[in-house]
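Trainee: Here is what each chain is made of, one letter per residue.
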Amino acid sequence: MDKIAHESDVTHHYLRPKKKFPNVWCAGCGNGIVMGALIRSIDRLGLDKDEVVVVSGIGCSSRMPVYLDFGTLHTTHGRALPFATGVKIAKPNMKVIVITGDGDALAIGGNHFIHACRRNIDITTILINNKIYGMTGGQFAPTTPGGSFATTAPYGNYEKQFDAVKLAIGAGASYVARGTVYHVQQLEKLIEGAIMKKGFALVDTYSNCHTYYGRFNKEGDAVAMLDWFKKHAVPINVAQKLPPEKLEGKFVTGLIHETNATEFCEEYAMLVERLAAKES
Amino acid sequence: MKNNTGNARLLQGNEACVLGALYAGVRFFAGYPITPSTEIAEGMARELPKIGGKFIQMEDEIASIAAVIGASNTGCKSMTATSGPGFSLMQENIGYAYITESPCVIVDVQRGGPSTGLPTKISQSDTMQARWGTHGDYTAIALAPSTVKECFEETVRAVNLSERFRTPVTVLADEVLGHMREMMIVPAKGELETIERHKPDVPSDWYRHFEITPSFVSPMASFGDGYRYNVTGLIHDQDGFPTANPNEIKDKLDKLRKKIERYTDEIFKIRTDMMDDAHIAIVSYGTVSRSARQAIKIARERRIKVGAIQLLTLWPFPDLKLREMFGGIRKIIVAELNMGQLVNEIKRIAPRHVEVHSLQRYDGEVMAPQQILDKIREVK
Ligand SMILES: Cc1ncc(C[n+]2csc(CCOP(=O)(O)OP(=O)(O)O)c2C)c(N)n1
Ligand code: SF4
Chain U
40 MDKIAHESDV THHYLRPKKK FPNVWCAGCG NGIVMGALIR SIDRLGLDKD EVVVVSGIGC
100 SSRMPVYLDF GTLHTTHGRA LPFATGVKIA KPNMKVIVIT GDGDALAIGG NHFIHACRRN
160 IDITTILINN KIYGMTGGQF APTTPGGSFA TTAPYGNYEK QFDAVKLAIG AGASYVARGT
220 VYHVQQLEKL IEGAIMKKGF ALVDTYSNCH TYYGRFNKEG DAVAMLDWFK KHAVPINVAQ
280 KLPPEKLEGK FVTGLIHETN ATEFCEEYAM LVERLAAKES
Chain D
3 MKNNTGNARL LQGNEACVLG ALYAGVRFFA GYPITPSTEI AEGMARELPK IGGKFIQMED
63 EIASIAAVIG ASNTGCKSMT ATSGPGFSLM QENIGYAYIT ESPCVIVDVQ RGGPSTGLPT
123 KISQSDTMQA RWGTHGDYTA IALAPSTVKE CFEETVRAVN LSERFRTPVT VLADEVLGHM
183 REMMIVPAKG ELETIERHKP DVPSDWYRHF EITPSFVSPM ASFGDGYRYN VTGLIHDQDG
243 FPTANPNEIK DKLDKLRKKI ERYTDEIFKI RTDMMDDAHI AIVSYGTVSR SARQAIKIAR
303 ERRIKVGAIQ LLTLWPFPDL KLREMFGGIR KIIVAELNMG QLVNEIKRIA PRHVEVHSLQ
363 RYDGEVMAPQ QILDKIREVK
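Sequence lines, in order, name chains U and D.
Sequential numbering of the first sequence, starting at 40, is according to the numbering used here.
Sequential numbering of the second sequence, starting at 3, is according to the numbering used here.
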């Protein structure tokens, strides 16, 4: 009981008191769980509210910053990362966190996503991956599995699926993780790690859009979808010991990839120093 | 301006834009290479790191303007440069800068279009794009230099106006101007005015990022300053939270209009030549104005009473001030390198007794003085 009371105090401390709740999300939407996890991660890291900027694109997931009591920049569809890049380069001491959807980050924003990874700029990206376009009413996304139904895939999706984790690793991100809205404690740890990582960090977060994805694909309500995450997630340390056929139909969670490449703003600062030394 | 305080240099129009931007305090540049604007990005890449400013080459123009707006919201004077195709790509986010009232400067070194069009040829066909390029209702500011010196000065003015009014400002240059070289005296520090954005001085709980003030311009905090607020491209209330309230929607859009239109006279800038006794006026902007000045000189030798008006501010359109100037005129020739974009504005405001003629060129070549002279003879 005490723990719950404490956690709710923490949560309220980071929300905007003047902003009218309830929020825009459907009851049971995974977006709220991610917001709670983000808040607790930030609280545990002891970050000053004034040193955090949360940037998002457009989508249900991207509505999150409006509720958070940080500097918040709700931008245009797909463009959160380049906006965040401008913020980060101009003020490298700020912690810049991007909240984005799978359509936002991987369809319209796909090019920005790979280039942010490539630059290894110190931005934490929480990709809320619900395998569908929620805000516009359930069209298929680049993450929609083959055969799944969506309003623009009424006969089943005949396109191939993007794996955000593989994409980020291939493009040069230095911290790549996957979590789910069922495994909340793990998600908090992954977000903490991502924020502390100097470099581009992705937390691909499987989340439920029961309103569209769940309904169209007979995966049931929010609870049933969380249960699906529970049953199909395999932690990375377990997965590493399993033969590939045992992972068929499952997905791997945890910190999947980490490197220590130099970070964009640090490289730039070194250049500035080098030029200044030459001057004097 | 005293000539001996600055230093004389032979500069390209694009280089003058770089120097003007740095002079005005621009410390962030994000861009994507495109002819004929590329020298601006190259100049910024060379100069900014030397003074601790930030340069980044982004993956495209959409990202470039996004990064510029992001940087602007941290309090940094920010700019990008591009040409037609890139300017088109930027439009959605330029709209974001309007609605979020984020100061920034876009230098559009115009080339021919539509589409890839004429990469290495002059044009002025983005005149209307600079006014109405992004969707929705808003009021734009666009400035147009015609000489290398004006490239410098108008870039400084663009930065100043963007900071003063919390709004994006476009500098409409063109291919010939961007690439031509002229001597200019680079002003010494302090010689030209530079403006800093108005910062809030209230405690953080009183701060409203989009406050409707008597001047309609809101003081602007930066991320990290100890003020926490929301910025969104959705129509928002004075605190920056999305709203669907009809009154708040109207107030917001009125604010975007009024904060600029009220100051049209302050933003207004023209150069006139031989207008005192003129019966015919050549109205133009940019490189065409150079030809117009040459043409009226020749026409005057033939005793034709013709003068020239060069618009250095294109938008907001100075309806009242121009209408006053047209009082004694009988004929106007609007000369432009497009199929007639500015002429309709002049027709809209010209007094009824004034004939308005359109002189157009859109084959990628400069408007020659002779062409203007021929038109003067035709209409006189
Ligand atoms: C340029 C542009 N194109 C299209 C849209 C419409 N749109 C809004 S949100 C969205 C998809 C959102 O999907 P996702 O990023 O997966 O987020 P979710 O709503 O599922 O959280 C689309 C297509 C838009 N706002 N802007
Ligand atoms: S539509 Fe889907 S993603 Fe959007 S709020 Fe509802 S459940 Fe969440």
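These aren't lab readings, by the way, just hints derived from the structure by calculation.
None of the values given here were measured: they were computed from a predicted structure.
Any given hint could turn out to be false.
[Said to hold, decoys possible] From chain U, some residues computed to sit far from chain D (all C-beta separations above 12 angstroms):
#, residue
1, R79
2, D87
3, G148
4, F152
5, R157
6, E198
7, R254
8, K270
9, V273
10, C304
[Said to hold, decoys possible] Selected chain U positions facing chain D (Cβ under 8 angstroms, derived; list incomplete):
#, residue
11, H113
12, P121
13, E258
14, V262
Ideal placement from N, C-alpha and C gives every residue a C-beta, glycine not left out.
Trainee: All hints, please: hold or fail.
Mentor: Quick rundown of the hints versus the structure:
Separation of R79(U) from chain D is adequate, the least Cβ-Cβ distance of about 19 angstroms exceeding the 12 angstroms criterion. D87(U), annotated as away from the interface, has a beta carbon of chain D within 12 angstroms; the closest lies near 10 angstroms. A cut-off of 12 angstroms between C-beta atoms contradicts the statement that G148(U) is not in contact with chain D; the least separation is 9 angstroms. For F152(U), the condition that its CB be more than 12 angstroms from all CB atoms of chain D is violated, with the nearest at approximately 10 angstroms.
Taking the minimum C-beta to C-beta distance to chain D, about 9 angstroms, the non-interface status of R157(U) is violated against the 12 angstroms cut. Against the 12 angstroms criterion, E198(U) stays outside the reach of chain D, whose nearest CB is about 24 angstroms from its own CB. Residue placement check: R254(U) keeps its beta carbon more than 12 angstroms from all beta carbons of chain D (closest about 26 angstroms). Taking the minimum C-beta to C-beta distance to chain D, about 37 angstroms, the non-interface status of K270(U) holds against the 12 angstroms cut.
At the 12 angstroms boundary, the C-beta of V273(U) stays outside the reach of chain D, the nearest C-beta of that chain being 34 angstroms off. The beta carbon of C304(U) sits about 9 angstroms from the closest Cβ of chain D, which is not more than 12 angstroms, so the claim that it is off the interface is violated. The closest approach between the C-beta of H113(U) and any C-beta of chain D is roughly 4 angstroms, which is under the 8 angstroms cut-off, so the hint is satisfied. At about 4 angstroms, the closest approach between the beta carbon of P121(U) and any beta carbon in chain D falls short of 8 angstroms, and the interface hint on this residue holds.
Because the beta carbon of E258(U) sits about 30 angstroms from the nearest beta carbon in chain D, more than 8 angstroms, this interface hint is broken. Taken as an interface hint, V262(U) does not check out: its beta carbon lies about 30 angstroms from the nearest beta carbon of chain D, beyond 8 angstroms.
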